[in-house]
Structures are given as C-alpha cells and as structure tokens.
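2 protein chains.
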Amino acid sequence: MPRKLAVASSPVRDLLALVNRPEVISFAGGLPAPELFDVDALRAAFDKAVSRRSLQYAPTEGDLDLRGHVAARLTARGLPTGAADLLVTTGSQQALTLLVTALLEPGAVVAVEEPTYLAALQAFQLAGARVVPVAGDEHGMDPAALAEVVERERPELLYLVPTFANPTGRTLTAARRREIAALADRHGLWVVEDDPYGELRYRGEPEPALATFSERVLYLGSFSKIGAPGLRLGWLRAPAELLRTLVIVKQAADLHTSTIDQAAAAVYLADNDLDAHVRGLCAAYRERRDAMLSALPSALPEGARWSDPDGGMFVWVTLPGDVDTAELLPKALAQDVAFVPGAPFFATVPDRSALRLSFTTNTVADIAEGVRRLGIALG
Amino acid sequence: MPRKLAVASSPVRDLLALVNRPEVISFAGGLPAPELFDVDALRAAFDKAVSRRSLQYAPTEGDLDLRGHVAARLTARGLPTGAADLLVTTGSQQALTLLVTALLEPGAVVAVEEPTYLAALQAFQLAGARVVPVAGDEHGMDPAALAEVVERERPELLYLVPTFANPTGRTLTAARRREIAALADRHGLWVVEDDPYGELRYRGEPEPALATFSERVLYLGSFSKIGAPGLRLGWLRAPAELLRTLVIVKQAADLHTSTIDQAAAAVYLADNDLDAHVRGLCAAYRERRDAMLSALPSALPEGARWSDPDGGMFVWVTLPGDVDTAELLPKALAQDVAFVPGAPFFATVPDRSALRLSFTTNTVADIAEGVRRLGIALG
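So the protein sequences, as listed, match chains A and B.
Anchor point for the first sequence: position 217 equals 217 in our numbering, and the numbering is continuous, going up by one each time.
Anchor point for the second sequence: position 369 equals 369 in our numbering, and the numbering is continuous, going up by one each time.
Because the hints were derived from the structure by calculation, they are not lab data.
For glycine and all other residues, C-beta sits at the position ideal for the given N, C-alpha and C.
Treat the hints with care, as some may be off.
To be verified - What follows is a list of derived Cβ distance ranges for each label pair: (1) A/Asp273 with B/Asp47: 19 to 27 Å; (2) A/Val349 with B/Asp47: 50 to 58 Å; (3) B/Pro106 with A/His139: 36 to 44 Å; (4) A/Glu205 with B/Gly280: 54 to 62 Å; (5) B/Pro80 with A/Pro320: 52 to 60 Å; (6) B/Pro59 with A/Asp324: 25 to 33 Å; (7) A/His187 with B/Gly280: 56 to 64 Å; (8) B/Ala365 with A/Ala240: 39 to 47 Å; (9) B/Ala72 with A/Pro239: 45 to 53 Å.
With the sequences and hints as input, model every part of the structure.
Structure representation (structure tokens):
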C-alpha cells in the first residue's frame with residue numbers, strides 16, 4: 001500500500017467527537033455561532049435560486065454572478081479583483097488542496113508559521129511535502145527568519161494565515177507583509193494567504209491583504225465564517241496562468257462546486273447587506289472574546305500566558321511548567337469543558353503546554369462558566 | 001514547475017463551449033435533461049432542509065439520513081449496503097480522485113477499458129499513473145485479456161463503467177462480472193465500479209453490480225443522472241479500512257460535502273418516490289434513444305457502425321475509412337450540430353474515426369433534425 005495510507009489519524013475529526021455531550025461547554029471547535037446564521041435570508045435565497053439552470057452541471061471556474069460579488073467585496077476591502085481572477089472552490093480547504101496538487105511534488109518544501117492550521121499541515125503531509133517552520137512572535141512571522149529559511153531550504157511555498165491566525169489569533173503587521181511579499185517576489189516563492197477570518201475584526205484598523213503587495217501571493221477567502229460553512233463555498237485569487245492549471249486540477253477533484261449553493265450565495269449577496277451582517281457578527285464575537293479574556297486571569301495558574309486577538313475566533317494559551325495539555329484534556333472533560341491541545345498545530349517540535357480556546361459558539365455566561373470549569377481542571 | 005503543470009488541456013471543458021450557440025443541436029454533452037428535473041420537489045426539499053444545523057460544518061463521512069436512504073436503495077437493487085459502508089462525496093468525480101489519492105503512487109499502473117470516461121483518464125494522468133488498456137467487445141471488457149494484463153503489468157487498480165459505459169453505451173455481462181471479480185480477489189486488485197447510469201435502463205433486466213461479487217470492488221454512485229447534478233452528490237461504497245483512509249483524504253480535499261445539499265437530498269428521498277421519477281426519466285430517454293437509433297441509418301455513410309445501448313446516455317459511432325472526427329467537428333458545427341470526437345476517450349492509441357453522441361438533452365424532433373444535419377456534415 002502506498003505511503004499515503006500511513007496517514008494515521010485526523011486530530012480535527014477526532015476532536016469533533018468531544019463536543020457532542022450537551023452538558024460540555026466546548027471551546028474546542030472552530031465553528032461559527034449557528035444562532036447568528038442568517039437562516040431566513042438564506043432560505044429565501046435558496047428558494048429563489050433553485051431552477052433548471054442551478055440544478056444542472058456548470059463551468060468549473062464557478063458562478064459568474066457569485067464571482068462578481070466576491071470580486072467587488074475584495075476590491076472594496078482594498079484588493080483590486082475582477083471576477084476572472086477568481087476560482088470558486090468547495091470551501092477554502094479545497095483551494096488549499098488544489099494548490100498543493102498543482103504546485104508541490106513529493107519532497108517539496110513548504111514553509112509555515114508554527115503553530116498553524118492543522119488541516120493545512122495534513123494537506124502538505126498527504127502530498128509528501130516537507131514542512132519547515134519559520135520563527136515569529138506576537139506580530140506574526142519574522143521576515144528575517146523567513147529570509148534565512150528561504151536561503152537554506154528553498155521552499156516552493158509559504159503558507160500563512162496572516163490575519164487572526166488559527167490557532168494563535170496573531171496578525172502580521174503591514175510592514176512585515178511588505179517585507180514577506182518582497183521576499184516572495186525576489187525568490188519566486190509562492191505564498192498562500194489563507195484569510196477566512198479577516199473580516200471578523202473587533203478592534204483596530206484592517207491591515208492590507210498580503211496579496212496587495214505581490215502577484216506571488218495566492219489569496220484564499222471563504223463564505224464559512226461570514227455566511228455559513230454548510231454551503232462549502234470558498235474562492236481563490238491567483239494569476240491567470242496558475243488559475244488555468246487550477247481549473248484543470250479542480251475538474252478532476254469535483255468537476256465544479258455545487259451549482260445551487262453558488263447560485264443561492266449569489267442571490268443572498270445581491271438581496272442582502274453582508275457587511276451589515278458581518279458587523280452584527282463582530283459585535284457578538286467581540287463580547288464573547290472580551291468575556292473570555294476577562295475570565296482567564298482568575299482561572300489560569302500564575303505564569304500562564306495567552307494571546308489578545310484583535311479578531312477571529314481563537315485565544316492561544318500557554319501554561320507554565322512541564323505540563324502536557326493532551327493529558328489535561330480528560331480532566332477538563334470530566335469538568336464538562338473542552339479545548340484543543342496545542343501539539344497538533346505544530347509541524348515539528350510541539351509545545352505541549354499550549355492549548356487553543358475558541359470563543360465564538362458560547363454565550364457570555366457560558367464562557368464565564370466554561371473558563372471557571374477550566375480553572376478547576378487545571379487546579 | 002512540477003510535472004502536474006504539464007497537463008495542458010481539458011477536452012470536456014473545452015467542449016462545453018460548443019453547446020452555447022442556441023441554434024446548435026448538441027449531442028456533445030453528457031448532461032441530464034433539465035426539463036425533466038423535479039424542480040418543485042427539490043425546491044420544497046431545500047426549503048425544508050435549510051436550518052441552523054444544515055448551514056453548519058458537518059462530519060466528513062456525510063449526512064447519516066442521506067447515507068441511510070442511499071444504502072436502502074442499493075440494497076433494494078441487490079447490493080447489500082449499510083449507511084456505515086458509504087462515504088458521501090462531492091459528486092462521484094470526487095470519489096474517483098479520492099481513490100486515486102489513497103491508492104496510487106506516481107508510476108502505478110491502472111487498467112481501463114478503452115475507450116473510457118475521459119475525466120477518469122485525466123485523474124489518473126494527474127496522479128502520474130500509467131494507464132494500460134484492456135481489450136473488450138460489445139459485451140464489455142474481456143476477462144481473458146484482463147488476466148493477461150494483470151499478469152504482465154501488475155496494475156494496482158482497474159477502472160470500469162460496467163453498465164451503459166461512457167462513451168460506448170456497452171454493458172458487461174454477468175458472467176464476465178463474476179470472472180473479473182474473481183480475478184480481482186485472486187490478485188488483490190482494486191476495482192472501481194463507476195455506476196452513474198445503472199438505473200437508466202430502457203430494455204432488458206438489470207445485471208448484478210460488480211461489487212456484489214467481491215470486496216475488492218469499490219462502488220461509485222451519483223445523484224447527478226437520477227436527480228440533479230447541480231447538487232454535486234455522489235457516494236462511495238468501500239470496505240471499512242479503506243473508508244477510514246478515504247475519510248482522511250476527503251477531509252484534506254474539502255472537509256465535507258455541502259451540508260445543505262446533503263440535507264435537501266435526504267428530505268427529497270424521504271418525501272418523494274425517486275423510483276417513480278427514474279421510471280419517468282427512462283420513458284423519456286428511451287424515446288430519445290429510439291429516435292436517434294432510427295435516424296442514424298439514413299444519415300451515416302455506408303459502412304458506419306454504432307452501438308445499440310440498453311440504457312444510459314450515449315451512442316458510440318465508428319465511421320468507415322480514413323476519417324478524423326476531430327476534423328469533422330467544425331463541419332458539423334457549420335451545420336449547427338455538435339458531437340464529441342472519439343480520440344480523447346482513448347488512453348493509448350486513439351480511434352480517430354469514432355465519435356460520441358448523447359441523446360438525453362434533445363427532443364425527439366430535434367434528435368431527428370440533428371442527425372439529419374450530421375448526415376449533411378458527413379456527406
């Protein structure tokens with residue numbers, strides 16, 4: 001059997017099992033809050049969108065109306081984009097895997113932040129790539145460290161969640177974005193800017209997309225965190241030549257993304273104010289983030305550190321001393337609270353004292369109670 | 001740039017461009033007839049299915065209700081199946097690519113019928129596999145020829161559309177199915193039984209699925225031809241161990257298939273009689289097949305041969321003499337009729353005198369007129 005069958009387990013999936021008991025307050029997911037979904041407007045959009053055309057096969061590139069709406073929103077956010085610059089994907093996870101298929105041979109080197117999104121690490125692993133971490137700090141990846149890695153390892157690809165990173169919540173500064181883009185241009189390095197969370201900002205001013213600084217930056221966006229993930233809609237912005245290759249790879253992957261889901265999203269974007277909806281999401285998530293950040297000091301032991309994210313969904317906690325958060329998890333579950341241990345987010349040497357908390361899916365009251373339970377489990 | 005970027009073109013896609021002029025009668029597509037879609041019932045199903053749950057992320061394996069309905073239908077058709085034996089995929093195209101990713105290393109050998117489904121050939125090509133054809137006749141692949149190829153080439157995988165094949169319309173006999181399954185068992189060969197058309201039978205009795213004869217046969221089914229392709233819903237039946245691996249590969253591919261499309265299909269299957277709908281499709285497609293088969297003799301030149309399919313969507317035509325159907329296509333388009341030249345369906349040495357006609361999307365009157373135009377183009 002081939003190497004690929006050696007991919008033994010899937011931490012995200014295994015962890016989804018944790019959140020099933022109703023009495024558990026789960027900070028483990030990376031899910032948007034279902035009570036904030038715009039259910040009635042989405043139902044109306046599907047009602048309007050179902051047609052003989054939307055039930056039929058469709059071009060691989062994606063629905064032209066949807067691409068137009070997405071392009072207009074990206075342009076309004078400062079990244080000039082036309083519909084023809086975009087490929088609609090079956091979630092941005094698919095965009096990542098299409099890029100891996102198109103750009104990486106087995107043995108290719110991929111540079112990443114560490115810790116980083118674990119399903120990206122799995123996609124690189126499935127492709128037989130070698131993942132090399134690049135050092136950073138609370139302002140994101142360090143361009144000097146990247147320059148050193150590029151020199152030494154000659155990576156094909158750099159993968160980044162530059163805004164409100166998963167799992168750390170960190171945001172790369174504008175100055176560093178500029179330096180990293182220049183480095184990519186100079187060395188012919190492809191950069192994946194994975195941006196599912198960028199619109200979920202609760203404080204401060206938006207940073208320019210990394211893709212504004214270089215054609216080598218491939219921008220991935222998603223409807224999952226600002227609309228609803230059940231539609232599996234993402235988009236990829238890339239130069240024309242690479243886009244042509246990606247269309248061929250996508251055709252082999254699933255011919256095209258659901259025609260009806262694309263049509264419903266296009267109707268939804270035409271008939272509703274998504275910016276207003278996102279402002280509502282931000283107001284709710286800001287309160288939940290604040291509830292978590294104000295509860296943590298009295299629950300966590302002396303010497304614990306945690307991130308203070310300007311947006312997104314996650315707080316990253318590092319505990320003091322020689323502790324393994326994977327071993328703490330059963331104790332937390334015994335207290336009816338869940339988190340994700342930090343180790344799987346590392347490509348190389350894991351920091352076993354870290355854990356990820358998501359603040360999006362619980363009420364302010366449940367967040368306070370959940371953090372209290374976490375404190376008992378750690379005590 | 002990696003080898004994969006050398007995949008230059010995409011015949012299916014390029015050909016979709018042909019059908020856009022409204023005056024063209026196109027036999028080129030492989031599309032179901034949109035006027036036969038059960039639009040109102042599907043709209044009602046989406047209306048009922050949209051909910052906070054169906055807008056959220058979901059398990060990679062797929063919606064349990066949908067898998068239950070599909071398992072019951074497969075069981076009723078003679079292939080005993082439980083919901084746990086199935087993985088829901090984003091169309092059966094995705095099932096094929098997941099299998100390729102899980103089972104094939106670059107350089108692996110894949111045995112195929114020739115001609116065969118061209119997007120399958122492209123998926124094997126993208127994976128860096130070597131495709132080896134196996135001889136057959138109007139009753140499908142010849143088991144003795146397969147035995148010889150297995151002995152000589154040691155393929156990892158055999159890919160087959162055993163019922164109403166694309167592009168030939170051929171169906172493998174029950175006796176040959178049994179022999180091929182036994183061969184697979186004996187040699188540890190994986191067999192992909194791609195069955196999008198099996199329910200579209202217009203004559204004769206169903207053959208047992210190849211998968212009824214061996215655990216080595218991986219069965220792929222689809223909602224695209226019996227329901228609607230716009231939902232991108234397929235399913236894969238495989239042994240438990242392989243299914244676990246495929247779930248991991250699918251997680252990297254798109255996390256999961258659209259929650260809302262799966263929920264809508266489950267509602268549709270619960271609230272409607274799909275068997276009755278399929279009987280209606282068969283009645284309409286039977287008339288269209290008959291219209292094509294009765295028009296061909298007077299339109300095609302002396303010495304032309306064509307298949308006489310018991311079901312499915314395609315008639316496969318072979319023209320006499322030293323003719324290249326790719327060169328005939330512009331002449332046909334000048335007469336406002338379209339077909340697919342046969343060459344891209346061959347993995348090795350193409351038969352350039354062949355062409356594929358689909359009879360599903362045109363009325364009986366348009367089929368007669370289209371075949372008349374084809375006769376003029378060939379004249």
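Hint-by-hint comparison with the structure:
With their beta carbons about 23 Å apart, A/Asp273 and B/Asp47 fall inside the hinted range of 19 to 27 Å. Here the CB-CB span from A/Val349 to B/Asp47 is close to 52 Å, well matched to the stated 50 to 58 Å. As the Cβ distance of B/Pro106 to A/His139 is approximately 40 Å, the hint placing it in 36 to 44 Å holds. For A/Glu205 and B/Gly280, the hinted distance range of 54 to 62 Å is satisfied, since their beta carbons lie about 59 Å from each other.
Between B/Pro80 and A/Pro320 the CB atoms are about 57 Å apart, so this pair conforms to the stated range of 52 to 60 Å. Against the hinted window of 25 to 33 Å, the Cβ-Cβ separation of B/Pro59 and A/Asp324 comes to about 28 Å, which satisfies the hint. Taken as a hint, the range 56 to 64 Å holds for the pair A/His187 and B/Gly280, whose Cβ atoms sit roughly 60 Å apart. In this structure the hint that B/Ala365 and A/Ala240 lie 39 to 47 Å apart at CB holds, the actual value being about 42 Å.
Taking 45 to 53 Å as the suggested C-beta distance range, the pair B/Ala72 and A/Pro239 conforms, at roughly 48 Å.
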